[in-house]
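Asker: One-letter residues, chain by chain:
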Amino acid sequence: MERTVEVVPEAGLHARPASKFVQTANTFDAEVTVGRAGDEKLVAGNSMLSVTGLNVEHGESVRIVAEGPDAAAALDALAELLSTPVEDEGGEDG
Amino acid sequence: MTDLSGVGSTPLSGVGTARWYRPGTLELPDRPDPGSVDPEAERARFEEARDEARAGIERAREQAADRVGEDEAAVFEAHAQFLDDPQLVGDIEDAIAEETTAEHAVADRFADAIEQFEAMDGRMAERADDLRDVRDRLLRALLDVDIIDLADLPAGTVLLAERLTPSDTAGLDPDAVAAVATVTGGRTSHAAIIARSLAIPAVVGVGEALHDVPEGAAVLVDGEAGRVVVDPTDDQRAGAGGVDAPVVEGRVSTADGREIEVAANVGSRAELDPASARGADGVGLFRTEFLFLDREGPPDEDEQYEAVTAALSAFPDDRVVVRTLDVGGDKSVPYFDTPEETNPFLGQRGIRLSLAAHGNLFETQLRALLRAGAGEDGDGLAVMFPLVSQVEEVEAALARVESVAAGLASEGVDHAVPQMGAMVETPAATDVADALAERLDFLSIGTNDLTQYVMAADRENDAVADCHDPLHPAVLRAIDRTVSAAEGTDAWVGMCGEMAGDPALTELLVGLGLDELSMSAVTVLAVKERVTGTDTAEARELADAALACETREEVRVVLGLE
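Chains as they are written, first to last, in the working numbering: chain A, 1 to 94; chain B, 1001 to 1562.
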């Protein structure tokens, strides 16, 4: 199964959001791949190098594909992560 | 005993064991014949190196979290992920299986990834730096090159280096580093200023001869005399470091009763308590850049609020002058993504950057400041804008302050508008200082940049160091114009450049009419002592004589420095 979501964090799919993405992908029993929306190429979601290497900026959309027992839960978690502006809320706009 | 001379940049002495910091000198051995490589052994070496690197990254993460904050620590989480990246690790293991040595497999695979990242735009170049950092950790482990982790040096280290960057220096632990000496650099370079704020004895610009100091040698660094002594005698050692300096607490006045505030320049939270312990009358320059540098994104409002509140509570009875974000020039913030400037010192620096776009950067900082102004010790808060060159900038900045205050009021958030001021560090600002003083509560003269701009001399360039001297008559007259322009207004005038901390110039500065002097905390005592011995009328005569000089040499003679 798969889902396409817009990358909301200001940093894009870099830095902390990328780091969180990889960490989250690794916690599920599912094989996660990710690519730029509309692009056939998918890379391993458990690889910081590959995910960062997509060079996806804030406002672009990505396609997340998950296979395995936890695929649905993995997609939910990853989609939510990419739809949240700042992952450690506290102040209003940082 | 070898005796080397350089420029003393922190006027303190320290003695300890020489440790060289040589980043980027990792040389790979020649590639052995494929037949002679044992893949099993190489694989084990790679695993060991990864364990060592992982431990080093974790230590760095903990230290960053401890000293600066969880946000800065996050970069090391990314490093740990690169280290355990299944693609990278898989490729390296494949190469090892094909009889490549571990170090060459690591170097090759990382080189590909770095090249790939650098070929992309924007933030990817920074990620390439992260990859380099991880690669170097692995290679140092594989090649058995001693890792000098600047944040984790053993006590009694005298750190020797070709040069140190501001972030290298900011990461030093003042309890562990007895002293610093560098081959290059000048007294007003940012690294030197940071060392001074951390009260780490330092001599910079020693030259190539420093390279002859062997690793592990006993070294004395005398920041007052600008000397580096290898194998010092017992007498020399006894004179260095470890002596608790006396402190003059409270405000001081000249012999004839004019009070002069002697405050400290502070560039991080860690410097607040030492500044207070050294008897500073508050903070005359609280640099907020440390909150913004070396991280992935700007600090949020609460983090800034907490930092300012911490400064205010460290000096509950004194004033804390916070400078709004001053980046640009040689201090760049990667996540601003500012276009490359051909002449960054004349570019979008200081208040210019804050007033330009960049999201809510300025508003967020102002919100944090206005909230801090309403806190328990908030009465002492003052805020100043850096690199002002036009009245319009001050008016625009004050309008932003008003609108932020109105916003906070409508949200029902406690806030107070603090004293507002401007830094005078451009010739333009000295010439419109009267108009600035009418609109503001105070002016603070930043002599490092003012000298650079009046004399058109780069403060980081040793070749024009003679030109970059605040004792040139042109600079003294610019200071005098500023102080005179504020006379007759309610605005007070301070000075927060390095000049303010030179006790040999205290009488001159009192004579020029400054109300406040702010400096590295290490010089507070010496300047306070000079203030109490100064007579205002005599000081004014001295200042007039200096202002009448035509050359720097004449000024130095008048001041008794020649």
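Just so you know, these hints were derived from the structure itself, not from any lab. Even for Gly, the Cβ is constructed at its ideal location relative to N, Cα and C. Treat the hints with caution; some may be incorrect.
What the hints assert, rightly or not - Derived list of chain A stretches under chain B, where covered just means 3 residues or more per stretch with a C-beta under 8 angstroms from a C-beta of chain B: (1) 40–54; (2) 68–75.
Stated by the list, open to error - Pairs of lysine to aspartate or glutamate residues, derived as EDC-like cross-links and limited to a Cα-Cα distance of at most 20 angstroms, are as follows: (3) A:K20 - A:E57; (4) A:K20 - A:E80; (5) A:K20 - A:E60; (6) A:K41 - A:E31; (7) A:K20 - B:D1318; (8) A:K20 - B:E1058; (9) A:K41 - A:E2; (10) A:K20 - B:E1553; (11) A:K41 - A:E60; (12) A:K20 - B:D1441; (13) A:K20 - A:D76; (14) A:K20 - A:E10; (15) A:K20 - B:E1077; (16) A:K41 - A:E10; (17) A:K20 - B:D1084.
Said to hold, decoys possible - Which residues of chain B face chain A? A few of them, derived with a C-beta cut under 10 angstroms, are: (18) R1127; (19) D1129; (20) L1131.
Asker: Against this structure, judge whether each hint is valid.
Answerer: So, going through the hints one by one against the coordinates:
For the segment 40–54 of chain A, the assignment as covered by chain B holds, since 8 residues bring a beta-carbon within under 8 angstroms of that chain's beta-carbons and 3 suffice. Counting residues of the segment 68–75 of chain A whose C-beta sits closer than 8 angstroms to any C-beta of chain B gives 0, which falls short of three, so the coverage hint is violated. Between K20 of chain A and E57 of chain A the CA atoms are separated by roughly 15 angstroms; this keeps the pair inside 20 angstroms, and the hint holds. For the suggested pair K20 of chain A and E80 of chain A, the alpha carbons sit about 11 angstroms apart, so the restraint of at most 20 angstroms is met.
Simply put, K20 of chain A and E60 of chain A have alpha-carbon atoms about 18 angstroms apart, close enough for the 20 angstroms limit, and the pair holds. For a cut-off of 20 angstroms, the pair hint linking K41 of chain A to E31 of chain A stands: about 16 angstroms separates their Cα positions. With a CA separation close to 43 angstroms, the supplied pair K20 of chain A and D1318 of chain B exceeds the 20 angstroms bound. A distance of roughly 17 angstroms separates the Cα atoms of K20 of chain A and E1058 of chain B; the hinted pair therefore holds under the 20 angstroms criterion.
Of the pairs offered as hints, the one joining K41 of chain A and E2 of chain A holds, with about 14 angstroms between alpha carbons and a cut-off of 20 angstroms not exceeded. A distance of roughly 61 angstroms separates the Cα atoms of K20 of chain A and E1553 of chain B; the hinted pair therefore is violated under the 20 angstroms criterion. Between K41 of chain A and E60 of chain A the CA atoms are separated by roughly 15 angstroms; this keeps the pair inside 20 angstroms, and the hint holds. The suggested pairing of K20 of chain A with D1441 of chain B is violated, with an alpha-carbon distance near 46 angstroms, which exceeds 20 angstroms.
At most 20 angstroms may separate the alpha-carbon atoms for a hinted pair to count; K20 of chain A and D76 of chain A meet this at roughly 14 angstroms. Proximity of K20 of chain A to E10 of chain A is assessed by CA-CA distance (about 14 angstroms); at most 20 angstroms being required, the pair is judged to hold. Simply put, K20 of chain A and E1077 of chain B have alpha-carbon atoms about 9 angstroms apart, close enough for the 20 angstroms limit, and the pair holds. For the hint linking K41 of chain A to E10 of chain A, the alpha-carbon distance of about 24 angstroms lies beyond 20 angstroms, and the restraint is violated.
For the given pair, K20 of chain A sits about 14 angstroms from D1084 of chain B by alpha-carbon distance, which is consistent with the 20 angstroms threshold. Checking R1127 of chain B against chain A: minimum C-beta separation of about 6 angstroms stays under 10 angstroms; hint holds. Evaluation of the D1129 of chain B hint against chain A yields a violated restraint, the C-beta minimum of about 12 angstroms exceeding 10 angstroms. Look at L1131 of chain B: its Cβ gets to within about 8 angstroms of chain A, closer than 10 angstroms, so that hint holds up.
Hint violations for this structure: numbers 2, 7, 10, 12, 16 and 19, all remaining hints satisfied.
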